[in-house]
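Q: Fit chain B to the supplied structure of chain A, relying on the hints for placement.
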Amino acid sequence: MLLNGVRGVVGTRKTGKAEPPTTEERKQTMAVSLRESVQRVADPRNLDSSVEEVFRLMLGIECKRESASPPAEKESVTSVVGFGGLLSGACVFRCGATTAVKIAAHMTGMEFDAIDDTVKDGIGEICNMLAGAWKGKVPELSANCGLSVPAVITGRDYNLHVQSPEFQLHHVYRFESQLFEVTIVCDGLQ
Amino acid sequence: MSEIRALIVDDSSVMRKIVERALRQAGLDALVVHEAGTGAEGLELLKAKPVDLILSDINMPAMDGLEFLRQIRAQNLANGVPVVMITTESSEEHVKEAIQSGAQGYIRKPFTAEQVKERVLPLLKAA
Numbered sequence: 000m001l002l003n004g005v006r007g008v009v010g011t012r013k014t015g016k017a018e019p020p021t022t023e024e025r026k027q028t029m030a031v032s033l034r035e036s037v038q039r040v041a042d043p044r045n046l047d048s049s050v051e052e053v054f055r056l057m058l059g060i061e062c063k064r065e066s067a068s069p070p071a072e073k074e075s076v077t078s079v080v081g082f083g084g085l086l087s088g089a090c091v092f093r094c095g096a097t098t099a100v101k102i103a104a105h106m107t108g109m110e111f112d113a114i115d116d117t118v119k120d121g122i123g124e125i126c127n128m129l130a131g132a133w134k135g136k137v138p139e140l141s142a143n144c145g146l147s148v149p150a151v152i153t154g155r156d157y158n159l160h161v162q163s164p165e166f167q168l169h170h171v172y173r174f175e176s177q178l179f180e181v182t183i184v185c186d187g188l189q
Numbered sequence: 000m001s002e003i004r005a006l007i008v009d010d011s012s013v014m015r016k017i018v019e020r021a022l023r024q025a026g027l028d029a030l031v032v033h034e035a036g037t038g039a040e041g042l043e044l045l046k047a048k049p050v051d052l053i054l055s056d057i058n059m060p061a062m063d064g065l066e067f068l069r070q071i072r073a074q075n076l077a078n079g080v081p082v083v084m085i086t087t088e089s090s091e092e093h094v095k096e097a098i099q100s101g102a103q104g105y106i107r108k109p110f111t112a113e114q115v116k117e118r119v120l121p122l123l124k125a126a
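If you read the protein sequences in the order shown, they are chains A and B.
When you line the first sequence up against numbering that gives the first Met the number 0, it's residues 0 to 189, in that order.
When you line the second sequence up against numbering that gives the first Met the number 0, it's residues 0 to 126, in that order.
To be clear, the hints were calculated from the coordinates, so they are not data collected in a lab.
Yeah, the Cβ is synthetic: ideal placement off N, Cα and C, and Gly gets one too.
Treat the hints with care, as some may be off.
Take a look, some chain B residues computed to stay more than 12 Å from chain A by CB distance [stated by the list, open to error]:
(1) Ala61
(2) Val80
(3) Pro81
(4) Ile98
(5) Ser100
Label-pair distances were calculated between CB atoms; the ranges are [said to hold, decoys possible]:
(6) Ala47/B x His169/A: 45 to 55 Å
(7) Lys116/B x Met109/A: 18 to 28 Å
(8) Leu120/B x Glu74/A: 40 to 50 Å
(9) Lys48/B x Pro138/A: 32 to 42 Å
(10) Tyr157/A x Ser1/B: 45 to 55 Å
(11) Arg20/B x Asp115/A: 17 to 27 Å
So that you can see chain A by itself, here it is in the shape it has in the complex:
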């Protein structure tokens, strides 16, 4: 039997007759199909199109991938949305204070002088939508991977470190003259 491009075993259980798969077998087949589809899950184009879609629809601005690294800013904002289920890991959005303030202004139509609760809330929502859009590109993930509520960190001189991820995507994007980073960290595929 071919399911999602993965050969599964049906019909050899106990009696040797052809039988429909049990729930457990279906779960295992789904898990195997996702593990063996890691290249599809880790396709960098999924992240690019998710970022472009979220920024176009929610902020009304075009956003493109960039090869340059964002300049170091005194203060930065990082939002993290966790993945759980078939894939465990996180979507991480990081930008400098100036970029965060501009994103929040585009989202709300308001002006901000500095990072406040509304700006943090806006960055958390952007990360939430990016995580949802990214997992929505892979049907198995869309249905079998949950999202945490966003956590937002602000401050200076901090780094995100993940030990031996299964895979990691780290892209930099530009809108107007602002740069930001989006990272997908997968530390487990069931």
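A: This is chain B only, laid out in the frame that chain A set:
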């Protein structure tokens, strides 16, 4: 369209503002908005204020949007009022669960004002 009283439930204040703006862009000029940051707040508001439309996020801390929806039905609140879920979760399973829990509409984030108009206005006209 005459005055519409909408309840917007989302733990993000920014998202509540975006949804309100999208409703106004959809042509609901005479809009009175009640906002709730949690499902529990939403239930309390529904007990105190009549509304014509409910829009709710799903992925919220403490009480998620689906439980909020079940509680509306269990407590016999807002009978006949259309409920539209607005969420990042977009799989068929999530949509089915929302509809089974009593939602009449489903909008995936990110969304456009046009999508809000297409999903919400027919529900208001039918209500």
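Q: Checking against the hints above, which ones are violated?
A: Of the numbered hints given earlier, the structure breaks just one, which is hint 1.
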